[in-house]
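**Q** Going line by line, the protein sequences match chains L and Y. Position 217 of the first sequence, counting from 1, maps to 217 under full-length UniProt numbering, and the rest follow consecutively. Position 155 of the second sequence, counting from 1, maps to 155 under full-length UniProt numbering, and the rest follow consecutively.
For the record, the hints were derived by calculation from the structure and aren't laboratory data. Note that the structure is predicted; figures quoted are calculated from it, not measured. Note that beta-carbon positions come from the ideal geometry of N, C-alpha and C, so glycine has one too. Heads up, a few of these hints could be off.
Stated by the list, open to error - Which residues of chain Y face chain L? A few of them, derived with a C-beta cut under 7 Å, are: (1) Arg-70; (2) Val-157; (3) Ile-178; (4) Ala-198; (5) Ala-201.
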Amino acid sequence: MSEPAGNCLVRNDWICGEYVRTRSQELVDATVQHIGITVASVAIGLLIAFPLALLARRWRAAAGPVLGLTTVLYTVPSLAMFSLLVPVFGLSVSVVVTGLVLYSLTILVRNILAGLAAVPEEAREAARGMGYGPLRLLFGVELPLALPAVVAGVRIATVSTVSLTTVGALVGYGGLGNLIYEGLHSVFKAQVLTASVLCVLLAVVADLALLLVQRLLTPWTRTGRAGRPRRAWRKAVA
Amino acid sequence: MGVAEETWTWLTTGAHWSGTDGVWHRLAEHLELTTVCLLISCVLALPVAVLLGHTGRGGALAVNLSNAGRAVPTFAVLVLLTLSPLGEYGSWPTVLALVLFAIPPLLTNAYVGMREVDRDVVEAARGMGMSGRQVVGRVELPLALPMIMTGVRSAAVQVVATVSIAAMVGGGGLGRIITAGFRLTYTAQVVAGAVLVAALALLVEGLFAALERLLARSRRRGGVRPPVSPEPADVQPVAG
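Chain L on its own, in the form it takes in the complex (with noise of 0.2 Å):
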C-alpha cells in the first residue's frame, strides 16, 4: 500500500520533506524577515557605535560611562528589554530592531576602541611626518589597521543577533523565532526543527561570509606571522 502524501505531517514527524515544500513561501518570508531585522539592527549598531568609540577615545572621562552604560544594557535579559521597548514603539518592528541595536552597542564599541588602540604609534607618526590630517589619518590608516578587530565585532554582533531576533516572536517580528513560537502552540515539531535549523545556519553563514569580507579586505593580515591588529582581534574576542 502506497503511503498517503503528507505522512510526515500526519505523524507529526521531527524531520518532514513535505513541510518544507509545502510550506517554502513561509520558511521564505520568515527568513527574509529575519535577514532584514538583522542587517539592519548590525548596521544601525555600527553607525551609533563608531562616534560613540571615537568619543570615548578623544575624552578619557566619556569612555567610563560609554562603556559602562553599553555594559548595562547588555545585561538587560531580551525578554525585559524587547518589553520595555513596547510602550516606546507599540507592537512594530522597531521594537526588535532597537533592543538588538542596543545590545550590539556594546560589542562593536568594545572592539573598535581595542582596535583603534593597538594601532601602531609608528604607524601614526610615519602618516602625521606625511602630512595626513586628522581625519585622513583616521580613515587611510587607523582604521584600515583596525579592521580586523572591528570586524571581529561585527562577527560576534551579527551571530548574536541572529539567535536575538527569534525573541522578537514576543511582539510578533522575530523572523524564523515566528515560526518557532507558533510551532510550539500548535505543537507542529517540523516547523520548530525546521526554523532552529535554518536560524543556525543563518547564523553560520553570516559568520563566514563577514570572514570573508575581512580577508578581503585586508590581505596584509594573511602574510606572515600575526601582527599587531591580530592580537587585538584576539583578545576582543577571547
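Given chain L, put chain Y in place with the hints provided.
**A** Below, chain Y alone, put in the same frame as chain L:
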C-alpha cells in the same frame, strides 16, 4: 495616565505581589531555577575546564564552545526541548537548556584563565618539586581565580536572562508576569515585569562583580602577589 505611572501603580499594588502569579512567588521560582542550574553547570564545567587548562589540551574545543553557544538561539532550544519527550517532565526542559547555555562561558573563561597563568611560574613550581596536583591547587587555580569568577558572573547573568525567556514556553519565573501581560494586552504589567527582570539581572551582575572585587582585595591582603593576568577577557554572555 502615562505608562510610567500605570507601571508604578501596578508595582505598588499589594495584590500583584502575593499568590501563585504574584511577584514574590515568581521571584522565588526565578531564583531557585537560577541557583540550581548555576550550581549544576559549575560542577559540570569547572573541573573539566581546570583539567583541560592544566594539561593544555582541548583548547580549541573550550574556546569554540562559546562561539557555538552564541549561534544557537536559546529560545529555539527551549521550544525544541519542550516539544521533545522531555517536555512531559515539568521544568526539566528548562533546566537542561539553562545548563547547556551556562556551560560555555564557564568553560571558556576557566580554561583561558588556567592557560594564562605565567608559564615561568608553573615551571618554577615544578622545579620546587610540586606534583601536578599541587601545581593546580597552589599555583594555577589561585592565579586563574579572577577569570573563573568572570565566567561564573557571565553564566549567572546568562541563566537569569534565559529563565525569563523560559516563560515564553510555559516555564516559571518573573518572565511569566511579562507573558501574562502580553496575553492580557496590559502594557503596564508588561513593563512592570520587564523592570523586575532587568533589575534582577543587574543585581546579580552587581553582586558577582562585588564578590570578584572582594576576592581580589582579600588576596592582596593575604600577601599573595596579585596575578599578572591581563584585564579579564570579556566573554560576553548572550543576553539570551
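**Q** None of the hints should be skipped; say for each whether it holds.
**A** Verification of the hints:
Interface hint at Arg-70 of chain Y: satisfied, since its Cβ lies 5 Å from the closest Cβ of chain L, which is below the 7 Å cut-off. Checking Val-157 of chain Y against chain L by beta carbon gives a least distance of about 6 Å; that is within 7 Å, so the hint holds. Satisfaction of the interface hint for Ile-178 of chain Y is found here, the shortest Cβ-Cβ separation to chain L being roughly 5 Å, below the 7 Å cut-off. Among the interface hints, the one on Ala-198 of chain Y holds; its C-beta lies about 4 Å from the nearest C-beta in chain L, closer than the 7 Å criterion.
This hint holds: Ala-201 of chain Y has a C-beta 5 Å from the nearest C-beta of chain L, less than the 7 Å allowed.
In this structure, none of the earlier numbered hints is contradicted; all agree with it.
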